[in-house]
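Participant: Sequence:
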Amino acid sequence: MFAMRMPVRLPSGHDDCTYRRSRCDRGHAETAVMACTHPRITDMTQSQPRSKRTPTLEIHGRILDAARRIVERDGVDGLTIRALSAQADVSPTSIYQHIGGKQAVCDALIDTYFTDLREQLIAIDESDPVLRLRRAGIIYREHALDAPGIYALVWMGQASDSAQHCLDAITQIIRYGQAASVFRGDDPHLIASSIWVSIHGFIQFELRSAQPRTRGRERVDRSYGYLLDLLIRGIQR
Numbered sequence: 001m002f003a004m005r006m007p008v009r010l011p012s013g014h015d016d017c018t019y020r021r022s023r024c025d026r027g028h029a030e031t032a033v034m035a036c037t038h039p040r041i042t043d044m045t046q047s048q049p050r051s052k053r054t055p056t057l058e059i060h061g062r063i064l065d066a067a068r069r070i071v072e073r074d075g076v077d078g079l080t081i082r083a084l085s086a087q088a089d090v091s092p093t094s095i096y097q098h099i100g101g102k103q104a105v106c107d108a109l110i111d112t113y114f115t116d117l118r119e120q121l122i123a124i125d126e127s128d129p130v131l132r133l134r135r136a137g138i139i140y141r142e143h144a145l146d147a148p149g150i151y152a153l154v155w156m157g158q159a160s161d162s163a164q165h166c167l168d169a170i171t172q173i174i175r176y177g178q179a180a181s182v183f184r185g186d187d188p189h190l191i192a193s194s195i196w197v198s199i200h201g202f203i204q205f206e207l208r209s210a211q212p213r214t215r216g217r218e219r220v221d222r223s224y225g226y227l228l229d230l231l232i233r234g235i236q237r
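Counting from 1, one number per residue, gives the positions in the sequence shown under UniProt numbering.
Each hint should be verified, as a subset may be incorrect.
What the hints assert, rightly or not - What follows is a list of derived Cβ distance ranges for each label pair:
no.: 1; residue 1: Tyr226; residue 2: Ser193; range: 31 to 41 Å
no.: 2; residue 1: Ala83; residue 2: Asp128; range: 39 to 49 Å
no.: 3; residue 1: Asp89; residue 2: Leu190; range: 28 to 38 Å
no.: 4; residue 1: Ile139; residue 2: Arg184; range: 21 to 31 Å
What the hints assert, rightly or not - Taking lysine to aspartate or glutamate pairs in the EDC-like style, the calculated list, with each CA pair at most 20 Å apart, reads:
no.: 5; residue 1: Lys102; residue 2: Glu72
no.: 6; residue 1: Lys102; residue 2: Asp65
no.: 7; residue 1: Lys102; residue 2: Asp128
no.: 8; residue 1: Lys102; residue 2: Glu119
no.: 9; residue 1: Lys102; residue 2: Asp89
Rather than coming from a laboratory, the hints here were simulated on the basis of the structure. No experiment lies behind these values; they were computed from the predicted model shown. Each residue gets a CB set at the ideal place from its N, CA and C atoms; glycine is no exception.
Based on the sequences and whatever the hints tell you, model everything.
Facilitator: Here's what the structure looks like:
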C-alpha cells in the first residue's frame, strides 16, 4: 500500500506562500521546503549547522612539522605513517590526501629544507664578495646543525630541484665576485660545486663525530672558518 500525503493547511491570510525545492547534500534526496512570511515559519536551511574544516595549508604544515620532529628525534627509520599520524594528530588518510606516503613526506621535507636555505643565501647583502661568500658558508653550516636529522635525509636520495636552486644561489655569489674582478674567471658553476662539496664533507664529519657537538665547539668553529678562508683564497685573483 502507498501512504497518502496529506495536504498542508496554511494559516488564513497566507495563501501566497511559495515552495522551493532543495537537494540534500547526502543521498541527493529531494525535500520540499516551504518559504512564506508567517512569523512562526522560518527557512529550514538556515538552521543547518555548517561544518568547520581545517584549511589545507594548515594541515600540510602540521604534518611536515610533525615529520620534522620525528626525524630529528628518531631518525628516518622512525618516520612511519602511523607515528606521523599520532604526532600530527591527523588520520593516516589525511596524510595520504594532503601529501602522500612516506617517500612523499620525505621529499617535502627535503624541498622545504633547501627552499629555506636558498632564501637565506639570496638574502645576504654583503657588498664585499669575499665576505658574501664566507657568510654563505657560515649559513650553510648553521642550517645543517640546526636540523642534523633532515640534513642527513637530504643526502640519502637523488638531487632535487630545490637543491639545484641552492647551488645556483652560490653560483650567483661567485659570478658577483668575478664581475668585481675579485674571483678567478673559471667556470662559476664548477667553483660553486667544489666549494659545496668541501664544506659538505666537513659538516658530515662533524655530525658523525663521536664527541658531542657542545664539546670543543670553538675549536670546530675555528677549523671551519679556516676551511672557508682556504677555499676563498684558492679562487681569488
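Participant: State the violated hints by number, sorted upward, taking the hints as numbered earlier in the document.
Facilitator: 1, 3, 7, 8
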